[in-house]
Amino acid sequence: MSQKVLLNSKEVHIILHRLACQLIEKHLDFSSTVLIGLQPRGKYLAERIAQLLRDEYQVNDIRLGFLDITFFRDDFRRGDKPLEANKTQIDFLVEDQKVVFIDDVLYTGRSINAALTAIQSFGRPSEVELLTLIDRRFSRHLPIQPDYRGRQVDAINQEKVKVCWMENEGEDAVYLVTQH
Amino acid sequence: MSELSVNHLLGIKYLKEEDIQLIFETADHFKEVINRPIKKVPSLRDITIANIFFENSTRTKLSFELAQKRLSADVISFSAAQSSVKKGETLIDTVNNILAMKVDMVVMRHSHPGAAYFLSQHVKASIVNAGDGAHEHPTQALLDSYSIRERLGDVAGKKVVIVGDILHSRVALSNIFALQMQGAEVRVCGPKTLIPKYVESLGVKVESNLRQALEWCDVANMLRIQNERLDVTYFPSTREYVQQFGLTQELLNSLNKEIVIMHPGPINRGVEITSEVADGPHSVILDQVENGVAVRMAVIYLLASKIK
Chain A
1 MSQKVLLNSK
11 EVHIILHRLA
21 CQLIEKHLDF
31 SSTVLIGLQP
41 RGKYLAERIA
51 QLLRDEYQVN
61 DIRLGFLDIT
71 FFRDDFRRGD
81 KPLEANKTQI
91 DFLVEDQKVV
101 FIDDVLYTGR
111 SINAALTAIQ
121 SFGRPSEVEL
131 LTLIDRRFSR
141 HLPIQPDYRG
151 RQVDAINQEK
161 VKVCWMENEG
171 EDAVYLVTQH
Chain B
1001 MSELSVNHLL
1011 GIKYLKEEDI
1021 QLIFETADHF
1031 KEVINRPIKK
1041 VPSLRDITIA
1051 NIFFENSTRT
1061 KLSFELAQKR
1071 LSADVISFSA
1081 AQSSVKKGET
1091 LIDTVNNILA
1101 MKVDMVVMRH
1111 SHPGAAYFLS
1121 QHVKASIVNA
1131 GDGAHEHPTQ
1141 ALLDSYSIRE
1151 RLGDVAGKKV
1161 VIVGDILHSR
1171 VALSNIFALQ
1181 MQGAEVRVCG
1191 PKTLIPKYVE
1201 SLGVKVESNL
1211 RQALEWCDVA
1221 NMLRIQNERL
1231 DVTYFPSTRE
1241 YVQQFGLTQE
1251 LLNSLNKEIV
1261 IMHPGPINRG
1271 VEITSEVADG
1281 PHSVILDQVE
1291 NGVAVRMAVI
1301 YLLASKIK
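Chains A and B, in that order, are what the protein sequence lines are. With the first letter of the first sequence counted as 1, position 27 gets the number 27 in the working numbering; the numbers rise by one all the way through. Throughout, the working numbering is defined as the position within the second sequence, counted from one, plus 1000.
Hints are computed from structural coordinates only; laboratory data are not their basis. Accuracy of the hints is not assured; some may be wrong.
Chain B regions said to be covered by chain A (calculated; three or more residues, Cβ under 8 Å) [to be verified]:
id	region
1	1041–1055
2	1191–1205
In silico DSSO-like pairs for lysine-lysine, Cα to Cα no more than 27 Å straight-line [claimed, not checked]:
id	chain 1	residue 1	chain 2	residue 2
3	A	K81	B	K1069
4	B	K1040	B	K1013
5	B	K1016	A	K87
6	B	K1308	A	K81
7	B	K1040	A	K81
We put the CB at the ideal spot given by N, CA and C, even for glycine.
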């Protein structure tokens, strides 16, 4: 197994600031916008973006939730490993709100497809957007594209994109891992 | 652990402690789901489940059906009264006929102990025991433990007394297995004639005085007298039973501590428990019913994930 750095800590920070600014440009005061981090890995990115918006850009009243899509996935009983659920925590209704899904890596688009179904349990959003840190090009199974992307990456199927966060792995970085 | 060690839920005694914890953790997620504005997930949209009830049931049958529907499974339900069982068909034939219609899972209640186990040996489907005679009622015991865990934080180390007709109760036996597996201490209390002879061999102490039992316990699980199963007279009169083993508010007030009151239903108000206690603040009876759906969703989801 070998790994190559796609983004180092500094690059991750610059990208997070850019993504936060792009969100402000579109959503201004976030009065009718909610951020939804997709469990398990999108949670960290969503928390970071929300924190930046609050601390650096003085956007108060950010509504942040976490959505687990395990029970909405289309590969139940089809994979080798059993699916493990994570906590869903959405303390607000998304009826008539602009929802921004936040996930670390966009690959086949199937998770986002499941998330689009799952979010309907919490109401009918007026609009849904997608923010991802890494967009793996040419690997989509579905017609799904991000509205905000950190970095576009060309990776073949045997390769894996690993996103590390300070609070979890001890550093902010993105690696491209090749299995041999 | 993310997978059950069993392919059927036949009884608590076939489970491991880790299985119970996995069911509870999964039930936590489903409890969140059933409190959403839209209480449904599509996980089991390609699974068909047959609910076969050879014995009457309201709560358990409804709870199973709701759990299955909230998981988006296709459900067929039938009760023996309207079936060909009355025309002399055997259990295996009945079930195999249902399975020929491409059914993946069978939830069965039957009056014979071991009926679910027997079925699991003879048909190709995942079997869930919804009560077999006076043997086991595993989902009830799971939801009881889940409700204790919810109210008291943990089951381990808690003291639980089961009061009433222990002899004819599948709820009592499954509860004893489940609670002991999780590290709780269990005692039973009731008329001597309704306590099984060998219950002490399970490590369960027998109390004949309700007040003493209540002074000892953290949780009291009140069972109903199963009149339909009493073939001979086990105690002189209902009135005498009420005087000795009925739970009243005065009795609760006279204890120097608070205890959690449970009842698997159906309640015979004024017999094993008064209305005041059943509807009072210490009662978790309706929480048990709500938790029943979440726990059954977890059991069905986890078993379905093992169907290949």
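Status of each hint after checking the structure:
no.	hint	verdict
1	1041–1055	holds (count 5)
2	1191–1205	violated (count 0)
3	A:K81 x B:K1069	holds (25 Å)
4	B:K1040 x B:K1013	violated (31 Å)
5	B:K1016 x A:K87	holds (24 Å)
6	B:K1308 x A:K81	holds (12 Å)
7	B:K1040 x A:K81	holds (24 Å)
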